[in-house]
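Whole structure, please, built from the sequences with the hints as guidance.
Taken in sequence, the protein lines are chains E and G.
Each residue of the first sequence is one higher than the one before, counting from 3 in my numbering.
Each residue of the second sequence is one higher than the one before, counting from 13 in my numbering.
Simulated from the structure, these hints should not be mistaken for lab results.
There's no promise every hint is true.
Keeping only pairs whose Cα atoms sit at most 25 Å apart, straight-line, the calculated SDA-like set for lysine to any residue is [to be verified]: (1) Lys300/G <-> Leu201/E; (2) Lys96/E <-> Leu59/E; (3) Lys102/G <-> Leu201/E; (4) Lys102/G <-> Val222/G; (5) Lys136/G <-> Glu198/E; (6) Lys136/G <-> Phe197/E; (7) Lys96/E <-> Ser124/E.
Since this is a predicted model, take the numbers as computed values, not measurements.
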Amino acid sequence: MTPRTIAVVSAGLSQPSSTRLLAGKLAAATAGQLPAGTQVITVELRDLAHDIVNALLTGFPSPALREAIDQVLRADGLIAVTPLYSGSYNGLFKSFFDVFDPGALAGQSVLIAATGGTARHSLALEHAIRPLFTYLRTVTVPTAVFAATEDWGAADGSGEALTARIARAGAELASLIEHREPAAETDPYASVPAFEQLLHDR
Amino acid sequence: MQFGIFTVGDVTTDPTTGRTPTEHERIKSMVAIARKAEDVGLDVFATGEHHNPPFVPSSPTTMLGYVAAQTENLILSTATTLITTNDPVKIAEDFAMLQHLADGRVDLMLGRGNTGPVYPWFGKDIRQGIELAIENYHLLHRLWREDVVDWDGQFRTPLQGFTATPRPLDGVPPFVWHGSIRSPEIAEQAAYYGDGFFANHIFWPTDHFVRLVNFYRERFAHYGHGAPEQAIVGLGGQVYMHRNSQQAVTEFRPYFDNAPVYGHGPSLEDFTEQTPLTVGSPQEVIDKTLTFREHFGDYQRQLFLMDHAGLPLKTVLEQLDLLGEVVPVLRRELDAKRPASVPDGPTHEALVAASVAEAVRTEDSTAPASRR
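Below, the structure is given as structure tokens:
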């Protein structure tokens, strides 16, 4: 069987980043449920920040951004993690998905996750981030993972709860990936209708 | 091989002086630029068509008719004529009229237009852009080739017994290019009719356009118009020159940094590396332009964007002087490399000759065997 690939997109801006940390745990949890040899590719949006803005302005991605987009498109599953800013995904996270061609992500298996200061913001995952991926027509797993600052300390048991949630979300994404065909390269030129069809199928 | 310039016709503030030309100044500048193009030995002047500020050229055949009267050799063209929002009947008439006035020195490039609100201003819908381009051109193609047309389509009033006047000069319609930056359907359309395909690759990386042009070439052959390498391809280009390469960069940078299309985005250096933009010495422009052929194969028309982003008329005219030195070198190099089997850039005279040859061939094949 062809080894599967998981793309991890992290929009964390600080170094080190708790968003990146959460993304890494989700990737490990997912890969752990898949056959050995599963590849994890991480895209750190911070490194592409200027390229993303330039792509919004010029309409085309730089070679580095093109490679990141292609990695996401070629992957069998996507783990998308953002810090919450002003009650929603941060601008960099949204801008990255804005530079994809319309419909390019349709059908992609996705696990969404976010980090924030306190659990008060956790529903942003359901109110802001899940609708974004609904618009992009991805297949998004039911469990979305939110990690507040306090979750990173296991003293009161919340850390365990986070670990359990990560494991459940990872298993959901792995199961989705396993039950679907490996990602295939799409060729926009292969589906162009012949001219007679263009002329008469109006 | 044909060389020329294409203009968007934008009214843009000069970022180095803060001065904005009036519409009148800009329109007159475009005419001066067209005349200069002929003076320095270029083959083609093409104007855009826009129906919203800050652009002035809403009426291309009016402008091109005026330019035709002041030039003798220049081919007058468009980049692009909106096949979606214009009535194909009016395009047929306007360009046939222009063709007569200019003694055949006319062709046109069709495009869809990507500004959403323009469509409803003309009673159309951008979501039907491809369908409009397909149906409208199919009618335009017939109006220029059939003296009497009956027509019933989705997008305009039916026609019964309609004759577009004047008939094309010498019975040969103006050559048509189809321009697209991302729609394979338009490459398919150009291939189907055996028309030209223009890839304005100036703002995007080359590899994307190589796929589009190769697709057009393959489909051109599929529809029986010749071998893939015989398809008629045009390319964009964008240059700013100074004999001293570094001086070119210094002079152009404020225009680049503030340009409406890509300003405030990537650096001049990154953009030059990733797109066909060349800012440097005439020799650097020659070297970069010669690489286009390596990517796209032998092609027939090269148009440069020279007058945009607020560059003053005086500067544009100086740039055209330099372009006039660059083009003979490019022409010599590219013509020498092009095999005899690959057609030269389309002209009215060549189309008339081809049409006469075709008529003779048809007569031969329909004549009784004894007369052959």
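A quick look at each hint next to the structure:
| no. | hint | result |
| --- | --- | --- |
| 1 | Lys300/G <-> Leu201/E | violated, 39 Å |
| 2 | Lys96/E <-> Leu59/E | holds, 15 Å |
| 3 | Lys102/G <-> Leu201/E | holds, 21 Å |
| 4 | Lys102/G <-> Val222/G | violated, 34 Å |
| 5 | Lys136/G <-> Glu198/E | holds, 23 Å |
| 6 | Lys136/G <-> Phe197/E | holds, 22 Å |
| 7 | Lys96/E <-> Ser124/E | holds, 18 Å |
Hints 1, 4 from the list above are not met by this structure, while the remaining hints are.
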